[in-house]
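K.L.:
Sequence:
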Amino acid sequence: MNPDNFAMRHDMLIIFSNAKRDDVISSLAYLFSLKTMGGRHFIEVYCNIARELYKTGDTDLSRHILKVILEDDNFYIRKTAKGEKIPKEITECLISELRFFQELSQLTSDDFVKNLNYDGFLPKWTNSNVDIVGSYLERLKLIHRYGYGQYAQYTMFTLKGENIVPVKYPDKQRLSELFGYERERKAVIDNTLALIDGKPAQNVLLYGDAGTGKSSTVKAVVNEFADKGLRLVEITKEQLRSIPAIIDELSENPLKFIIFIDDLSFTAGEDCFGALKAVLEGSVSARSDNIAIYATSNRRHLVKENFSDREGDDIHRNDTMQETLSLSARFGLRVNFARPDKKEFIRIAGEIAGQKGLDLDEKDFEMKAESFAMSSGNGRSPRTAKQFVNQLINQNNFNNSK
Numbered sequence: 024m025n026p027d028n029f030a031m032r033h034d035m036l037i038i039f040s041n042a043k044r045d046d047v048i049s050s051l052a053y054l055f056s057l058k059t060m061g062g063r064h065f066i067e068v069y070c071n072i073a074r075e076l077y078k079t080g081d082t083d084l085s086r087h088i089l090k091v092i093l094e095d096d097n098f099y100i101r102k103t104a105k106g107e108k109i110p111k112e113i114t115e116c117l118i119s120e121l122r123f124f125q126e127l128s129q130l131t132s133d134d135f136v137k138n139l140n141y142d143g144f145l146p147k148w149t150n151s152n153v154d155i156v157g158s159y160l161e162r163l164k165l166i167h168r169y170g171y172g173q174y175a176q177y178t179m180f181t182l183k184g185e186n187i188v189p190v191k192y193p194d195k196q197r198l199s200e201l202f203g204y205e206r207e208r209k210a211v212i213d214n215t216l217a218l219i220d221g222k223p224a225q226n227v228l229l230y231g232d233a234g235t236g237k238s239s240t241v242k243a244v245v246n247e248f249a250d251k252g253l254r255l256v257e258i259t260k261e262q263l264r265s266i267p268a269i270i271d272e273l274s275e276n277p278l279k280f281i282i283f284i285d286d287l288s289f290t291a292g293e294d295c296f297g298a299l300k301a302v303l304e305g306s307v308s309a310r311s312d313n314i315a316i317y318a319t320s321n322r323r324h325l326v327k328e329n330f331s332d333r334e335g336d337d338i339h340r341n342d343t344m345q346e347t348l349s350l351s352a353r354f355g356l357r358v359n360f361a362r363p364d365k366k367e368f369i370r371i372a373g374e375i376a377g378q379k380g381l382d383l384d385e386k387d388f389e390m391k392a393e394s395f396a397m398s399s400g401n402g403r404s405p406r407t408a409k410q411f412v413n414q415l416i417n418q419n420n421f422n423n424s425k
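Positions 24 to 425 (the numbering used here) are the ones given, in order, by the sequence shown.
For the record, the hints were derived by calculation from the structure and aren't laboratory data. Because the structure is a prediction, the values reported are computed rather than measured. Treat the hints loosely; a few may be bogus.
[To be verified] Here are the simulated EDC-like cross-link-like pairs (lysine to aspartate or glutamate), alpha carbons at most 16 Å apart as the crow flies:
1) K78 - D34
2) K90 - E112
3) K102 - D387
4) K365 - D382
5) K260 - D232
6) K409 - E374
7) K43 - D81
8) K164 - D81
9) K147 - D81
10) K90 - E107
11) K90 - D34
[As the list claims (entries may be wrong)] Distance windows between CB atoms, simulated:
12) N152 - K195: 18 to 24 Å
13) D134 - S158: 31 to 37 Å
14) K195 - K111: 40 to 46 Å
Quick reminder that beta carbons are idealized off the backbone N, C-alpha and C, glycines included.
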């Protein structure tokens, strides 16, 4: 190992210059720059490498460096995603830098500590046989599935100011955990698969009663198809004016995106009402074929309508009302999640109980489920069914503990 050579090659990184900011890689580079391979300061920097690596939850230096490179956001991968032709000189630079990281990934703890005049404990890291060059070139071929930068690291995002930021601990809801509404959910899934496959996809409005699984369906669909290149960006009603900027940022991204607006409703005359109408004008493909807007609402027409909205001296009030009611029609796919009847509610509760491993008397279960729904104040819904099953689990655990 030649420390001067490694330090210089690190400083000369062009394509992967962002990797210099990684705590492990930057600490390695600083260790290379030290003139004396030993001493207290050398050991302190060495331990910092181990500490930063341990903080990631893994002790494998090779895997860590591979992860950093595969998730890097750089001009080469962006040009590749756009299908641009890249000069051979830049590709040669890419290969050279990848080979540097390959060598870096194979540096062992013993390479640094075997000649130290120190007999105390020193932390160690592990290494594995990774192929950084081959893995990165394969990632370029599958860029539409994995993406780059933060979109390769995370699945769900929100808008903070003008920036799209990752949700580090997202809802992990899966389709297999949702019961009932098979027909409604299939319509959303089929539309999402069309988006993923590059076919014309609709903007989607999921409307209906509270607790019926509208938001859970959207998030579960994203979790289900994240490995196919699907991502979600959730915004609030107050951020609707930012949608054009979001579309501009994401339109050339190789991944597919759902812009998600949860629990959407308006009062007549709200400023952002017009902003959403403008965005929904026209087809998704006319705007960007990798983006669709999914919204949930407890109201089919999205607008809270008062009797006063129908009155007054507005000679064009009929036109005004029609404009208000037309907003939901601008969603090409509208899916109604209605409150289940008694039979369907009990079926949903039974399937949730079965998944949880509960084995109860059928008649007793039905009676208690209906009683819970009526007394809860929330009525019948999948959310109420889940709350009922959780209550049964807690009661069983309490009884078993006696």
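K.L.:
Does the alpha-carbon distance linking K90 and D34 stay inside the 16 Å limit?
P.N.:
violated (20 Å)
K.L.:
Hint check: K90 vs E107, CA-CA at most 16 Å. Holds or violated?
P.N.:
violated (25 Å)
K.L.:
Below or equal to 16 Å on CA atoms is what counts here, so check K409 against E374.
P.N.:
holds (10 Å)
K.L.:
Falls inside 40 to 46 Å, the C-beta gap from K195 to K111?
P.N.:
Distance hint for K195, K111 holds at roughly 44 Å.
K.L.:
If you check the beta carbons of D134 and S158, does the distance land in 31 to 37 Å?
P.N.:
The hint (31 to 37 Å, Cβ to Cβ) is violated, given that D134 and S158 are roughly 23 Å apart.
K.L.:
With a cut-off of 16 Å on the C-alpha distance, tell me whether K147 and D81 pass.
P.N.:
holds (12 Å)
K.L.:
Taking only the CA atoms, is the gap from K365 to D382 under or equal to 16 Å?
P.N.:
Roughly 20 Å separates the two Cα atoms, so the pair is violated.
K.L.:
Is the Cα-Cα distance between K78 and D34 16 Å or less?
P.N.:
violated (25 Å)
K.L.:
Would the hint linking K43 and D81 be met if the CA-CA limit is 16 Å?
P.N.:
Roughly 20 Å separates the two Cα atoms, so the pair is violated.
K.L.:
For a C-alpha distance cap of 16 Å, please report whether K164 and D81 respect it.
P.N.:
violated (27 Å)
K.L.:
Does the structure keep K90 and E112 at a Cα separation of 16 Å or less?
P.N.:
Violated - the C-alpha atoms of E112 and K90 are around 25 Å apart, more than 16 Å.
K.L.:
K260 and D232: Cα distance at most 16 Å?
P.N.:
violated (19 Å)
Checked against the numbered hints given earlier, this structure breaks hints 1, 2, 3, 4, 5, 7, 8, 10, 11, 12, 13; the rest are met.
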